[in-house]
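Peer 1: The lines below spell out each chain.
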Amino acid sequence: MRVSDQIAFLAPRRSVLDRREAIIADLADLLPPGCLVSDIRGLVPFETDAFIAYRQLPLAVTLPETTAQVAAVLKYCGRYGIPVVPRGAGTSLCGGAIPQEDAVVIGLSKMTRILDIDLANRTATVEAGVTNINISEAVMPEGFFYAPDPSSQLACTIGGNIGMNSGGAHCLKYGVTTNNLLGVKMVLFDGTIIELGGKALDAAGYDLLGLICGSEGQLGIVTEATVRLLARPEGARPVLFGFSSSEEAGACVAEVIGAGIIPVAIEFMDKPAISICEAFAKAGYPMDVEALLIVEVEGSEAEMEATLTSIIEIARRHGVTTIRESQSATEAALIWKGRKSAFGATGRIADYICMDGTVPLSQLSHVLRKTGEIVARYGLRVANVFHAGDGNMHPLILYNINDPEDAARAEQAGNDILRLCVDAGGCLTGEHGVGIEKRDLMLHQFSQADLDQQMAARAAFDPQWIMNPSKVFPLEGRPAA
Amino acid sequence: MTVDFEPQSEEEAAEIVRAVAERSARLKLVGGGMRGIVADVAADAVLSTRRLCGIVSYNPAEMTMSALSGTPVSEIEAVLTERRQMLAFEPMDPRGILGLTGEPTIGGVFAANVSGPRRLSAGAARDHLLGIRFVNGEGAVIKSGGRVMKNVTGLDLVKLLAGSHGTLGLLTEVTFKVLPLPPASATVVLSDLNDAEAAGAMARVMAMPYEVSAAAHLPESVRGRFLGGALPDGPATVLRLEGLTATVSARAEKLAQACSVAGPVAVLEDGASRKLWREIRDVAPYADGTERALWCISIAPTSGHQLVAALRLETGVDAFYDWQGGRVWLRMEADPEAALIRRFIKALGGGHARLIRASAAMRAATPVFEPEAPAVAALSARVREKFDPKGIFNPGLMG
Numbered sequence: 037m038r039v040s041d042q043i044a045f046l047a048p049r050r051s052v053l054d055r056r057e058a059i060i061a062d063l064a065d066l067l068p069p070g071c072l073v074s075d076i077r078g079l080v081p082f083e084t085d086a087f088i089a090y091r092q093l094p095l096a097v098t099l100p101e102t103t104a105q106v107a108a109v110l111k112y113c114g115r116y117g118i119p120v121v122p123r124g125a126g127t128s129l130c131g132g133a134i135p136q137e138d139a140v141v142i143g144l145s146k147m148t149r150i151l152d153i154d155l156a157n158r159t160a161t162v163e164a165g166v167t168n169i170n171i172s173e174a175v176m177p178e179g180f181f182y183a184p185d186p187s188s189q190l191a192c193t194i195g196g197n198i199g200m201n202s203g204g205a206h207c208l209k210y211g212v213t214t215n216n217l218l219g220v221k222m223v224l225f226d227g228t229i230i231e232l233g234g235k236a237l238d239a240a241g242y243d244l245l246g247l248i249c250g251s252e253g254q255l256g257i258v259t260e261a262t263v264r265l266l267a268r269p270e271g272a273r274p275v276l277f278g279f280s281s282s283e284e285a286g287a288c289v290a291e292v293i294g295a296g297i298i299p300v301a302i303e304f305m306d307k308p309a310i311s312i313c314e315a316f317a318k319a320g321y322p323m324d325v326e327a328l329l330i331v332e333v334e335g336s337e338a339e340m341e342a343t344l345t346s347i348i349e350i351a352r353r354h355g356v357t358t359i360r361e362s363q364s365a366t367e368a369a370l371i372w373k374g375r376k377s378a379f380g381a382t383g384r385i386a387d388y389i390c391m392d393g394t395v396p397l398s399q400l401s402h403v404l405r406k407t408g409e410i411v412a413r414y415g416l417r418v419a420n421v422f423h424a425g426d427g428n429m430h431p432l433i434l435y436n437i438n439d440p441e442d443a444a445r446a447e448q449a450g451n452d453i454l455r456l457c458v459d460a461g462g463c464l465t466g467e468h469g470v471g472i473e474k475r476d477l478m479l480h481q482f483s484q485a486d487l488d489q490q491m492a493a494r495a496a497f498d499p500q501w502i503m504n505p506s507k508v509f510p511l512e513g514r515p516a517a
Numbered sequence: 002m003t004v005d006f007e008p009q010s011e012e013e014a015a016e017i018v019r020a021v022a023e024r025s026a027r028l029k030l031v032g033g034g035m036r037g038i039v040a041d042v043a044a045d046a047v048l049s050t051r052r053l054c055g056i057v058s059y060n061p062a063e064m065t066m067s068a069l070s071g072t073p074v075s076e077i078e079a080v081l082t083e084r085r086q087m088l089a090f091e092p093m094d095p096r097g098i099l100g101l102t103g104e105p106t107i108g109g110v111f112a113a114n115v116s117g118p119r120r121l122s123a124g125a126a127r128d129h130l131l132g133i134r135f136v137n138g139e140g141a142v143i144k145s146g147g148r149v150m151k152n153v154t155g156l157d158l159v160k161l162l163a164g165s166h167g168t169l170g171l172l173t174e175v176t177f178k179v180l181p182l183p184p185a186s187a188t189v190v191l192s193d194l195n196d197a198e199a200a201g202a203m204a205r206v207m208a209m210p211y212e213v214s215a216a217a218h219l220p221e222s223v224r225g226r227f228l229g230g231a232l233p234d235g236p237a238t239v240l241r242l243e244g245l246t247a248t249v250s251a252r253a254e255k256l257a258q259a260c261s262v263a264g265p266v267a268v269l270e271d272g273a274s275r276k277l278w279r280e281i282r283d284v285a286p287y288a289d290g291t292e293r294a295l296w297c298i299s300i301a302p303t304s305g306h307q308l309v310a311a312l313r314l315e316t317g318v319d320a321f322y323d324w325q326g327g328r329v330w331l332r333m334e335a336d337p338e339a340a341l342i343r344r345f346i347k348a349l350g351g352g353h354a355r356l357i358r359a360s361a362a363m364r365a366a367t368p369v370f371e372p373e374a375p376a377v378a379a380l381s382a383r384v385r386e387k388f389d390p391k392g393i394f395n396p397g398l399m400g
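These protein sequence lines map, in sequence, to chains A and B. Quick note, the first sequence lines up with residues 37 to 517 if you use our numbering. Quick note, the second sequence lines up with residues 2 to 400 if you use our numbering.
All clues stand as given, with none of them false.
The list that follows gives simulated cross-link-like pairs (lysine-lysine, DSS-like), each with its CA atoms no further than 27 Å apart:
#1 K276(B) to K178(B)
#2 K144(B) to K178(B)
#3 K387(B) to K111(A)
#4 K178(B) to K209(A)
#5 K373(A) to K307(A)
#6 K209(A) to K255(B)
#7 K146(A) to K111(A)
#8 K276(B) to K255(B)
#9 K387(B) to K144(B)
Which chain A residues face chain B? A few, computed with CB under 10 Å, are given here:
#10 N201
#11 G219
#12 A240
#13 G296
Quick list of simulated restraints, FRET-style, between CB atoms:
#14 R353(A) to I56(B): 24 to 32 Å
#15 A516(A) to I56(B): 41 to 49 Å
#16 A62(B) to A412(A): 25 to 33 Å
#17 S222(B) to G320(A): 58 to 66 Å
#18 A516(A) to E16(B): 22 to 30 Å
#19 A366(B) to D152(A): 35 to 43 Å
#20 E23(B) to A516(A): 18 to 26 Å
#21 E16(B) to I385(A): 56 to 64 Å
#22 P515(A) to T102(B): 40 to 48 Å
#23 A79(B) to I348(A): 28 to 36 Å
#24 E16(B) to A369(A): 57 to 65 Å
#25 G383(A) to E16(B): 47 to 55 Å
#26 K209(A) to S58(B): 18 to 26 Å
#27 G100(B) to R353(A): 49 to 57 Å
Keep in mind that the hints were calculated from the coordinates and are not lab data. For each residue, glycine too, the CB sits at the ideal point set by N, CA and C.
Only chain A is shown next, with the shape it has when bound in the complex (with noise of 0.2 Å):
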């Protein structure tokens, strides 16, 4: 089943395989009809994530309907030492839900209700499984919406979200999910249920919050979920800057913010990642570009104005070639479109590997054209289509899944990149998570000691090491159990 010999798993557990069908017995006990899976067949799409280098297939699949049920496959399992991988929607694409053999995947897909619409206090309490896209749709005709939007808000889930800290293009202004968090309930490794924050902006005690928040479900698993709703602005309008060069395009992004105006959004697309998504979305886009700015400002008419005129300014001293504004709702939505189906686009092209470096905005240009030379010492291709506003840069290594040697080189192509966004004053992943695909590398970003910290935190949630337990961390340098 194994597609990237790259990549280990820690070795199944025996004694769990050993019990398999004791195991699936129990589960059935423990949940109502319907809410287990265990033949091969269910199994397969449960293999992967959207990190598709590396298939397994888990022991079994449990899709509890409720916070109690969660609990009380939690409590067996640990009870057991059996494995347990969390699963939202499994569109990771670092592989954080990626199962192993003796693990039993806990999936949030059947907790999909929304609980609480508190427009007073501005938030909503949602169950885990509920998607990015449908908070923000059940609040839209109120004139709310919910910030963070990862490109794969659609299917996506809150829980996943949590689970890995996701980004997405507007977080420029608005940040994070740790930044529109306020409250969770959760179960941990032994079946405790417990709640942390609330409606109240700031909570009591450590930030628990904050460090479960990105922790790729090593902590527990939240089965609800309390966010921050935010007033949708008067008017937004993404406005397309096109380059004759990749680096003017990376120095006009530095300039701008260094002159201290922050759009809600600055997405950057070089030509590969311009004619990929223009083929799929037919948005618009400049195509005798080298580079493109998709700039997105937000306010009353006069704002919006003041704000472009300012980034226009700016972008001519840059050499900025084409200047086009959307013109109407659905040109906006066309170019966002565009933007957001990048990388299914790209994957009807080539199989690809997508990198989540974030290096310092002065670094841009460097990384970019770097990343260029990296790709070509590899004989690939790269389309670069990224967050350019807070520099979390996304080059997608094309490459051919079923040739092997290829895919070999797409790999080590990719490590080069993020070894070369460390270096230059960055880090490793800005919002997709370490997962397993660079769990490996975490030693190029970290020392052994800011690990075993890492890690002695995690024991104090997880002393046994059952949740999700093969990511993040390198195997060697763990604590012995």
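Got chain A sorted already, so can you dock chain B onto it with the hints?
Peer 2: What follows is chain B alone, placed relative to chain A:
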């Protein structure tokens, strides 16, 4: 306060911590001498960060700054102001309410997660903290986070250490996000609303697209103590707008128009607006030179006034509201009444109350921090044990 250790480098700090841990002694961590809530920590020795001082790097174009933890906030703000930037979470200066003369440090601000009025729109101190270096209870130097805006690499120890009041580690260096200083500020003042009406008005305003950056309600009992009594008569519900000069006045006009159905409306221009919010930030009405018990309460915004109303039936309190009503500054006329306040908060859907000021005797008899639910308290204790196995840092603080 006698200080036993004043390390001048991270290395020296780590050595001190290792030596203290070896003796299993207990260490009180302080910044620039803000007595605050750590005053009551009983320890064998005091370590001050004030000589871990200085801005390590500042890149205005990337909107980030790194500073050693003992750097005075005033020094950081002076450097930022020169480049027209700011700490957007608007940390308060607690010297007025605590009657202190020390120098708040940037490490202290993050260790206590101190946020002011703009927390409502721009996030808390913890939301702006990008990276940290700290010494854990075993004397190991640990780093977490970095200097980029988006970073999900590994567990977010940055958030955990923010607001941990020096109980998990000794912060040695902090890297944080800074934002452009808004060129203009204006405040719409809506007069004559009672607490409940004000809560409703603030909720309606926050649902409008005018980007109100801060919303507070100043009841009649405190109104006269702001701006030297220059606010219009009656309780004042104040709504701040910030941004480019032209757009701020346009938004102020629209907002004033929208509010005018609720009562008399006035607009404070730039200077007065900035002064008012500094006073709200620093809790000016209760900087009264007394030790009367002062609580800072965090609760759902629409519940703040209900809490105060319920308390008034039982005891003597004075209060005003920030964060759309969700932060209540509450001064007790007599005893702190911790149990009563916390029971009412629970009944109103949850939140927490922290005792900011009280006489030494009252502090000794009152849990300063909100007690947590048993399962959460147990988890927090396990976390603490993983950072400071021998319990050397600020013993007794935070559970």
